[in-house]
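Trainee: Read top to bottom, the protein sequences are chains Y and X.
Reading the first sequence from the start, the letters are residues 151 to 523 in our numbering.
Reading the second sequence from the start, the letters are residues 151 to 523 in our numbering.
Note that these hints are calculated values from the structure, not bench results.
There's no promise every hint is true.
Note that identical chains are pooled: a pair holds if it fits in a single copy or bridges any two copies.
[Said to hold, decoys possible] Result set (SDA-like, lysine to any residue): computed pairs, CA atoms no more than 25 Å apart in a straight line:
#1 K484 / E163
#2 K321 / G482
#3 K471 / V425
#4 K447 / T399
#5 K471 / A331
#6 K484 / A269
#7 K471 / G246
#8 K447 / D465
#9 K360 / A269
#10 K484 / A277
2 protein chains.
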Amino acid sequence: MTSPPARIGAPIEEIDTPALVVDLDAFEHNLRKLSDFARKAGVRLRPHAKTHKCPAIALRQIALGAVGQCCQKVGEAEVLVRSGIKDVLVSNEIVGLNKLRRLAALAKDATVALCFDAAEQVDETGAVARDFGVELGALVEVDVGAQRCGVLPGEPALALAQRIASTPGLKFRGLQAYHGAAQHLPSIAEREKAIAGAAAAVRQTVDLLKRNAIACELVTGAGTGTYQFEAASGLWNELQAGSYAFMDTDYARIGGRDSNRFADFEHSLFVLTTVMSVPAADRAIVDGGLKAYSAEKGPPWVHGLADVEAVGVSDEHGKLKLGPNARPLRRGDKVMLIPGHCDPTINLHDWYVGIRNGRVEALWPISARGAVT
Amino acid sequence: MTSPPARIGAPIEEIDTPALVVDLDAFEHNLRKLSDFARKAGVRLRPHAKTHKCPAIALRQIALGAVGQCCQKVGEAEVLVRSGIKDVLVSNEIVGLNKLRRLAALAKDATVALCFDAAEQVDETGAVARDFGVELGALVEVDVGAQRCGVLPGEPALALAQRIASTPGLKFRGLQAYHGAAQHLPSIAEREKAIAGAAAAVRQTVDLLKRNAIACELVTGAGTGTYQFEAASGLWNELQAGSYAFMDTDYARIGGRDSNRFADFEHSLFVLTTVMSVPAADRAIVDGGLKAYSAEKGPPWVHGLADVEAVGVSDEHGKLKLGPNARPLRRGDKVMLIPGHCDPTINLHDWYVGIRNGRVEALWPISARGAVT
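Given these sequences and hints, build the entire structure.
Mentor: Next comes the structure, spelled out in structure tokens:
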């Protein structure tokens, strides 16, 4: 783990760059906004730690009413439980004895659940839970349209739920129903339609479970792009959004209710860079590239500088093009970039530098960075 | 830093996934091949540590004849010098008192050089070197076609070299002349032409320095895609390739001398994944996505499995499509992926798992992972 790139109390200009910066006012606004939304909608909020990878943030979300955290990896669950988080759902299938044992060990200290989409995975996990003398929560992942993991809705989901219900060491908790592919559909109408399709699949499955006397306590899923539709469906009772805390250009690009810009949440996440070279009047090079932000969604956006655009990204450099109306940039100037995709960007850094009123107010370790197993 | 994903001596099947795996035979072949090439061509080899970020690899390259290492960041230079590397070139401009002081401190233990493309940067760096009582090597970065950093060839380069030569604390070493944009041009003819253009710019500058009685000890640059042209030019006397140790799909795609595939070096770098779900006969999901390999160059290639293709990448998942001639995949099967871009992929991991003859032979910490400042 690298050293923190700033000291508490320092002005922004003294932050060593590139650095991952969080505008704390915007960040807290985002946390409150989704927390208030969930409370009013009468659904539980279980924010996704795969995005933030940081217990300091998990604890803030829980203090605002979240029921716990979800995550994708056993290594993330380990970081969360060691930090005192008492309710963790691994919203993913877990394969292999080693990983299952690590997860079972965590169930000694916290309520732990995971997802299933194969019968043999149920049998293996039940055996490990019994071996460790713990009970693991078990959700059936239903493919509600993303065509990634998950069983098909209806009979296949019922069969797996029945197998879980009859497996000592496992407790059937409900359905994992996340439509990942719907999150970034370009218009609100397309996202609404996709979740309507997912809802039909969920309804069919919940009804079938009910007819077969299997209690379905949880239907959990949803993301930053669609949470309002799952909440309004009357089916989902738990939301798993993660990016809402930060936003990114990939979310900002999708259309909102009243505009072409998705503005449910504010941009709170930035990569702070420094201009390291100004080789021409219309070109400035900043000291952050692919190792400071992910770019599979394209170059980052330049924040707060008129007529300046990021036009090229290499491993350690960002190339800015200054248009005719741009204020000249000089060596040493700071430039805030909005990353294309928050999750993999955060996973590049060891520290969040929280800023407010022009100075560093918080340094939060990204303790689950690199926790890929 | 996460724990190593394997134990020395374990079979490949026991490596916790996703993991960054190095085929040691292929890796050693690549190191020897470029080392032998440089020796025969009569040029120095200074491999780029921005790619590998690992002192264990740097020491192997030096044992095979490399004169030292180059890197892009002060943080990388710190890791190298602390591990005993005695000659480090930061092939990049460094801005800011804090970073310059860190670099000057390293010059107490090693020969350290950096690049310049602005007069005020020369003045600032000279002052820091004198303050620390050290001498820093100084290269003028010339823009030879990449249009990123660097001064223009000819008079601007001469003026900066003269300023360096008259600045106590700095020692003018020569020219940094790297054509990054040429590395991935799709045909060998285009790459040859680009380096011919770069060579004209270098020649003009070297001649001008000579006429002004400024000794130009080094002309350094080149990468995995073009090294043969710089070596043959009679101008460059030092090569800075990095990716050659590993390769990736982005390099493999460019045309070679006798084929459409660039095959100067073998693929030695893989992300080992496990099949975590097989939801349909033509679809398998592996447990590695954007946090295990970078995908700004597209999805990874599937290694060694006929008619299986990676068609989707999300944060923690890779989606494989099995064609009609594919052998069925089962939960728990291991799949080796060839990353699109080696540098940012390596920067996601804490460990190289070196394999040979089917088992784990080496665990090398990626000590400069995340060293972005």
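Trainee: Would you mind marking each hint as holding or not holding in the structure?
Mentor: We went through each hint and held it up to the structure:
1. K484 / E163: within (7 Å within a copy, 47 Å between copies)
2. K321 / G482: So K321 and G482 pass the 25 Å test across copies only (24 Å; inside, 57 Å).
3. K471 / V425: within (12 Å within a copy, 43 Å between copies)
4. K447 / T399: both (8 Å within a copy, 19 Å between copies)
5. K471 / A331: Between copies only: 17 Å across chains, 33 Å inside a chain, cut-off 25 Å.
6. K484 / A269: between (54 Å within a copy, 20 Å between copies)
7. K471 / G246: Between copies only: 22 Å across chains, 49 Å inside a chain, cut-off 25 Å.
8. K447 / D465: both (15 Å within a copy, 12 Å between copies)
9. K360 / A269: Close inside one copy (21 Å), not across copies (76 Å); limit 25 Å.
10. K484 / A277: between (55 Å within a copy, 23 Å between copies)
Hint check: no violations occur; every hint is consistent with the structure.
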